[in-house]
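From first to last, the protein sequence lines are chains U and E. Here the first sequence stands for residues 59 to 491, where the numbers follow the working numbering. Here the second sequence stands for residues 42 to 379, where the numbers follow the working numbering.
Calculated from the structure, these hints are not laboratory results. Just so it is clear, CB atoms sit at the ideal spot from N, CA and C, and this is done for glycine as well. Be aware that a few hints might be false.
Taking lysine to aspartate or glutamate and the EDC-like style, the derived pairs with C-alpha atoms no more than 16 Å apart in a straight line are [stated by the list, open to error]:
(1) K248/E - E130/U
(2) K74/E - E118/E
(3) K70/E - D113/E
(4) K154/E - E118/E
(5) K412/U - E374/U
(6) K248/E - E275/E
(7) K248/E - E258/E
(8) K152/U - D115/E
(9) K248/E - E144/U
(10) K172/E - E226/E
(11) K152/U - D329/E
(12) K180/E - D113/E
(13) K70/E - E275/E
(14) K248/E - E137/U
(15) K70/E - D115/E
(16) K248/E - E133/U
(17) K154/E - E227/E
(18) K70/E - D329/E
Far from chain U, by Cβ distances over 12 Å, these chain E residues were calculated [said to hold, decoys possible]:
(19) D150
(20) G184
(21) T191
(22) Y210
(23) A245
(24) A246
(25) P264
(26) N309
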Amino acid sequence: MADLSYVRLEMLPQKEPPRSSVGVQGWMRINLFSSGANTILTIVAAVLVLMILASILPWIFGGVWNASSLSECREIFAERYGNGTEYACWAVIKDRWHQIIFGYYAPDQYWRPVLGFLLILLAFAPVLFPKLPSQMFYITLASIFIYPWLIWGGTIWSPIIAALGVAVGYGVYVLASRALGSLIGLLLGCAAAILWWSAISGALTDALSSTIPASLETMSSLNLAGFVLSITIGIVAIAASLPLAIVLALGRQSDMWIVNKLCTGFIEIIRGVPLITLLFVATVLLNYFLPRGVEFDVILRVMILVTLFTAAYIAEVIRGGLAALPKGQYEAADALGLTYWQAQRLIILPQALKISIPGIVSNFISVFKDTTLVSIVALNDPLGIANNIRANSDWNGIVWELYGFIGLIFWIFCFSMSRYSMWLERRLQTGHH
Amino acid sequence: MKKTVFFGALVGAGLVAGASAAATLDDIKDRGKIHCGVTEGTLGFSARDSEGNHQGFDVDFCRALGAAIFNDSDAVEYIELSSKNRFTALSSGQVDLLYRTTTWTFSRDVDLKTTFVGINYYDGQGFMVPKELGVTSAKELEGATVCIETGTTTELNLADFFRVNGMSYEPLPVGGTTEAKALFEEGACDVYTTDASALAGVRAALKDPAAYIILPEIVSKEPLGPAVRHGDDEWADVVRWVQNALVAAEETGVTSANVAELAKGTDNPEINRMLGSEGSLGAMLGLDADFAVRAIAAVGNYGEIFERNIGENTPIGLARGLNALWTEGGLQYSPPFR
Numbered sequence: 059m060a061d062l063s064y065v066r067l068e069m070l071p072q073k074e075p076p077r078s079s080v081g082v083q084g085w086m087r088i089n090l091f092s093s094g095a096n097t098i099l100t101i102v103a104a105v106l107v108l109m110i111l112a113s114i115l116p117w118i119f120g121g122v123w124n125a126s127s128l129s130e131c132r133e134i135f136a137e138r139y140g141n142g143t144e145y146a147c148w149a150v151i152k153d154r155w156h157q158i159i160f161g162y163y164a165p166d167q168y169w170r171p172v173l174g175f176l177l178i179l180l181a182f183a184p185v186l187f188p189k190l191p192s193q194m195f196y197i198t199l200a201s202i203f204i205y206p207w208l209i210w211g212g213t214i215w216s217p218i219i220a221a222l223g224v225a226v227g228y229g230v231y232v233l234a235s236r237a238l239g240s241l242i243g244l245l246l247g248c249a250a251a252i253l254w255w256s257a258i259s260g261a262l263t264d265a266l267s268s269t270i271p272a273s274l275e276t277m278s279s280l281n282l283a284g285f286v287l288s289i290t291i292g293i294v295a296i297a298a299s300l301p302l303a304i305v306l307a308l309g310r311q312s313d314m315w316i317v318n319k320l321c322t323g324f325i326e327i328i329r330g331v332p333l334i335t336l337l338f339v340a341t342v343l344l345n346y347f348l349p350r351g352v353e354f355d356v357i358l359r360v361m362i363l364v365t366l367f368t369a370a371y372i373a374e375v376i377r378g379g380l381a382a383l384p385k386g387q388y389e390a391a392d393a394l395g396l397t398y399w400q401a402q403r404l405i406i407l408p409q410a411l412k413i414s415i416p417g418i419v420s421n422f423i424s425v426f427k428d429t430t431l432v433s434i435v436a437l438n439d440p441l442g443i444a445n446n447i448r449a450n451s452d453w454n455g456i457v458w459e460l461y462g463f464i465g466l467i468f469w470i471f472c473f474s475m476s477r478y479s480m481w482l483e484r485r486l487q488t489g490h491h
Numbered sequence: 042m043k044k045t046v047f048f049g050a051l052v053g054a055g056l057v058a059g060a061s062a063a064a065t066l067d068d069i070k071d072r073g074k075i076h077c078g079v080t081e082g083t084l085g086f087s088a089r090d091s092e093g094n095h096q097g098f099d100v101d102f103c104r105a106l107g108a109a110i111f112n113d114s115d116a117v118e119y120i121e122l123s124s125k126n127r128f129t130a131l132s133s134g135q136v137d138l139l140y141r142t143t144t145w146t147f148s149r150d151v152d153l154k155t156t157f158v159g160i161n162y163y164d165g166q167g168f169m170v171p172k173e174l175g176v177t178s179a180k181e182l183e184g185a186t187v188c189i190e191t192g193t194t195t196e197l198n199l200a201d202f203f204r205v206n207g208m209s210y211e212p213l214p215v216g217g218t219t220e221a222k223a224l225f226e227e228g229a230c231d232v233y234t235t236d237a238s239a240l241a242g243v244r245a246a247l248k249d250p251a252a253y254i255i256l257p258e259i260v261s262k263e264p265l266g267p268a269v270r271h272g273d274d275e276w277a278d279v280v281r282w283v284q285n286a287l288v289a290a291e292e293t294g295v296t297s298a299n300v301a302e303l304a305k306g307t308d309n310p311e312i313n314r315m316l317g318s319e320g321s322l323g324a325m326l327g328l329d330a331d332f333a334v335r336a337i338a339a340v341g342n343y344g345e346i347f348e349r350n351i352g353e354n355t356p357i358g359l360a361r362g363l364n365a366l367w368t369e370g371g372l373q374y375s376p377p378f379r
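With the rest of the complex left out, here is chain E (with noise of 0.2 Å):
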């Protein structure tokens, strides 16, 4: 008998749980706070200054959110996750979405039930070198000694580019960025290869970073993207406009500093649609008529997110590149708001 109820009570826990998966906004409304998932730490995407609050180029993505659906950017719960256990924390319910440097690839789209919304930042591996070496182009480190993070995919891309390239070289393998930087720096490898934003970070903790270049050359596409659980298309509807509001408002111009007179209404329907001064877009994704003026007024477009993370004036120093708007030549491109 005992074990029947409790039984029973497991099953009634587990459909409610079922029941209640679909509606991640309401649970996110009825909580007051979006449980963000970020890393542990990466340089310029997230981690915590000296008074423990969370900073960096993903982590004002979840800010902006925060401002959109309660107008404070503060209401977010920053859960740090590690690359293993991130897609478990998503489809558990432990986190709300991921802004965590996450490739979107096929099989996490498809097989591991996660739904990418978009695409914040393109990176992709690239190479360093010593100025010293006199190398402009990676096609010319034939027999290059490279030092190579074991374990990843940048291992793979690299035996690649060389073959497509009929260079040879002599790999290095090491454990982790902190023994390759050692290794790179002491001069044990002619090349270090990694994605190209961390090899921005790498080089300047480097004592002399200004006698390293990075190449031009970019071997693999890794679209890092905000990704929610699969089979809910209004959170992530929530989600994916967010993001395009910032890039949409780098495109026409509207600026944190800015956004509060064009909010007033503008000659530019377009701008008056994403703001809200003109039609419903807002409720349309069950926000208020604002949510955009208050996104953007809490951590600005998606250029001024860029330029005080990892932007050419910060010690990171990456060049807009890929991630210039496409009117600039880059990929960042958001679909009307209509």
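Here chain U stands alone, though its shape is the one from the complex (with noise of 0.2 Å):
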């Protein structure tokens, strides 16, 4: 009698979940058909997608490979399946592929712009993966002479003459700021580097180029097209307008007057015309100004603009950045005894980076989109090849099959950095928000 209790001396054990609430079941269930009216969208949707894959994936998949010609597909077509309906002629991408990457690059000079973009790879490395030793930054700084060596071609000596520059103004800097003050060191310092690129060097590359040769082959910028340039045009303006921005943004902050309207004034200007108007500058406008017979790049002019017009943008997102820390971060560094410089490389800019890091990718993202632009003004980016294609009577009429590759492309390129920028969010992470 006195032993009778419903006290239960051991743990039950854990009971399957419901079926209808786990596994696919159950996904589907939460998902898809939770409620009628989700249930109807679901159906609905369902519906749309199958009918648009229907009329696609035939097309993708019954397409030719092998053909010389848009009129040859459609003799295999109607051959192969005697009904009138269009498949895709893919046998285009196999004849004309290497135009779309490379351009018109001389194909026996395929690898310069392969290994141009591993050395890319390698030079971003350090800044994209912090973990990397820093001594892999050398790469970087070599790259940026590098580069253009491979892409363009010439003798060997003019990026390393132009390289000797940059040391030659660092040592000016270096030794008459010891002897005159940091502000007249780094004006001396600029003007030998500048001196030395435009006096010195020229005559110093020919000299050497004729006693040691050692070159690779020219390539003209006309031969510049394809995702060829639209990367190096999108490398360009994001490597370069970073560090600018940067610049622009604290600029904009700053209680020096000129300085401030000076940064203000650019940024304004620039994000108040659009690129397209910017490019026609580059490429029409300017020819009025420059006397006769000077030759200035057209592929380096549009590449400033791009720069200058990338910048202003990503420093209004660095100044949202800068906007959004606590002012008691700033009081901390000027109480620590920091000089402003000090103070924004260990504390402002590493937290506002941060914060700004998913505005900057995005404004990367869409530079290097916005380079097909350059098409207008008849740079052979891949839409402009496209046009030049369908130009050829072989493939006059070719339309999907050109925009389906290129948008393949750019979105492997467009997607990858967007997710790297959603794992560098989550590895700066310090969890304090």
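Got two chains here, separate frames each, mind docking them using the hints?
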């Protein structure tokens, strides 16, 4: 009688969750059929997706890879399927993929852009993945001079001499700043480097290349096209705009009146003008101001303007990051007795840039896609190449195959960038928000 | 002080550039290459093949110049220009001439300071309709829906044509050739109108070209030809007479096959003067005596260039029409080599 106890002495084993709430069935119940309206939407969407796939998939997989022209493709369709339906004529990609990727680069030199691209990946690696040894930054610095040499060719001495100019400038800066103070040292260093590049380097390059000739075949900018052109413009804009943007953002926050107004003016003017207008200025208007016979490479002009354009946008993104920092961070830096640059480098910028990462990367993605706008000024980006391929009577009339291929490659690049930015955000997450 | 030096150098550079502006032919000879402005890709007129080499009707005229000046038809650098930057590229010296399907108009000739030195293709706006429409003349197009590319002169020409003939039409504005072709093929419009040379290309790319016809009426004048800068008549003469030589060669029956034979001398003094076995016409141009021989040997006469690139045996299939020789009812005519 006394031992009648209702207290359970051991835990019951956990029960399986009901079958309707786990697994495929459960997922579908929660996500697709949770209510009457959702069920209807699901069914409508599924029908739509199936209809689209039913029309696209046969087109893609019924396509022809081996043909020499669109009309031959059509003959093959008629023979194979017998109905009037169109299928993809992938033969155009097989025939011209190398032009879409490498532009009109000489085929026996394709290794150069490939090597250049690998070099760029290597150069970005220490920036992208901070765990790598910091010595790799030397590769980054070197690639600034090696990449143009790989792409445009010419004697090996020009990048070396150009790099020496930086060394000369730095040497003068170090020596002069010891004797005359850092500001005058900086000015003298810049002057020395400019003097080196403008007066000495040309003659020295000629002299060295005639004594020890070592050169790559020169590639005209006219033949620079396709994804090689897009990637080159994109990389230059991305790499050069970020430092410029940081300077502009800091300048816009500065208390110094002239610096502040200059930076604000620059940002507002560049942001207030569409990129296409700037491209027209670069290619059309500048010709009127330069003296006749002065050759100023059109690709270089476009690169400079795309860089300025990107920098203005990213500067505003970074300014947002700076504004988001609590005032206490600035005051703490002052309280520690840090100079302005120390405070920026050690305290402000690391936090502000971290906040700005999604905005910066999305700007990078959009500038990479904006490089297709250069087809308007008759540079042959991938879309320009597609137009040129259609201007051939063999492939006249092909549209979707070319755009699909180009779109796929762009998507691969942009998707990798966006995944990288998400990875970086997770890695930098310090968890106090 | 430094500033003055800088401005001095700038002015000096400007003066040097100005002084050399007149002698394009000398610049070209120094450089060893002609800078020829072509389109970014126009069916039949200029496009790159799968090896990346330029080919086409306009390109062949540039090649003829290369052969005439350097005896090397590959001594040409092709600079692809959009329709917007072609004239600035010419006036700034980025290119030496345009062979860029450029229509010779009053304002371009006079106001834009370009000099047109000839007409290598007489184009004009035409109409294409499906055969099943049963129309044989543009004058029967009363009430038709017309696909038309916006922002072009074709839009204005179309309005003029229908007004003059007292007919009404329904315009369907489209953004570009690719879009227009798709709409026309779907049957969204009855008529597609653009320049006749482009029309033939669009027709060739349709799924069933035989189901469509191009109507005989040409409703506008689009004379396409080479353009050079104002103020350099020596260079203009070279471009003009190399093109004339190609036309004259067809008139006199000189072809790429027989030019080497005929250059040794014939009974026809006109041929002899042109090919340099008599007289000194080449020297007057500042070229070698056999400049025309080289040009014809490199690309053939006008008729050969036409047939190879856009003629009836190509997929583009243009008839000679206005571009036949004057002796055959066309407009192609070369002033005498005398």
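Verification of the hints:
{"no.": "1", "hint": "K248/E - E130/U", "in the structure": "holds, 12 Å"}
{"no.": "2", "hint": "K74/E - E118/E", "in the structure": "holds, 6 Å"}
{"no.": "3", "hint": "K70/E - D113/E", "in the structure": "holds, 12 Å"}
{"no.": "4", "hint": "K154/E - E118/E", "in the structure": "violated, 23 Å"}
{"no.": "5", "hint": "K412/U - E374/U", "in the structure": "holds, 14 Å"}
{"no.": "6", "hint": "K248/E - E275/E", "in the structure": "violated, 48 Å"}
{"no.": "7", "hint": "K248/E - E258/E", "in the structure": "violated, 24 Å"}
{"no.": "8", "hint": "K152/U - D115/E", "in the structure": "violated, 28 Å"}
{"no.": "9", "hint": "K248/E - E144/U", "in the structure": "holds, 9 Å"}
{"no.": "10", "hint": "K172/E - E226/E", "in the structure": "holds, 12 Å"}
{"no.": "11", "hint": "K152/U - D329/E", "in the structure": "violated, 45 Å"}
{"no.": "12", "hint": "K180/E - D113/E", "in the structure": "violated, 49 Å"}
{"no.": "13", "hint": "K70/E - E275/E", "in the structure": "holds, 13 Å"}
{"no.": "14", "hint": "K248/E - E137/U", "in the structure": "holds, 15 Å"}
{"no.": "15", "hint": "K70/E - D115/E", "in the structure": "holds, 14 Å"}
{"no.": "16", "hint": "K248/E - E133/U", "in the structure": "holds, 11 Å"}
{"no.": "17", "hint": "K154/E - E227/E", "in the structure": "violated, 44 Å"}
{"no.": "18", "hint": "K70/E - D329/E", "in the structure": "holds, 12 Å"}
{"no.": "19", "hint": "D150", "in the structure": "holds, 20 Å"}
{"no.": "20", "hint": "G184", "in the structure": "holds, 29 Å"}
{"no.": "21", "hint": "T191", "in the structure": "holds, 16 Å"}
{"no.": "22", "hint": "Y210", "in the structure": "holds, 26 Å"}
{"no.": "23", "hint": "A245", "in the structure": "violated, 6 Å"}
{"no.": "24", "hint": "A246", "in the structure": "violated, 3 Å"}
{"no.": "25", "hint": "P264", "in the structure": "holds, 22 Å"}
{"no.": "26", "hint": "N309", "in the structure": "holds, 36 Å"}
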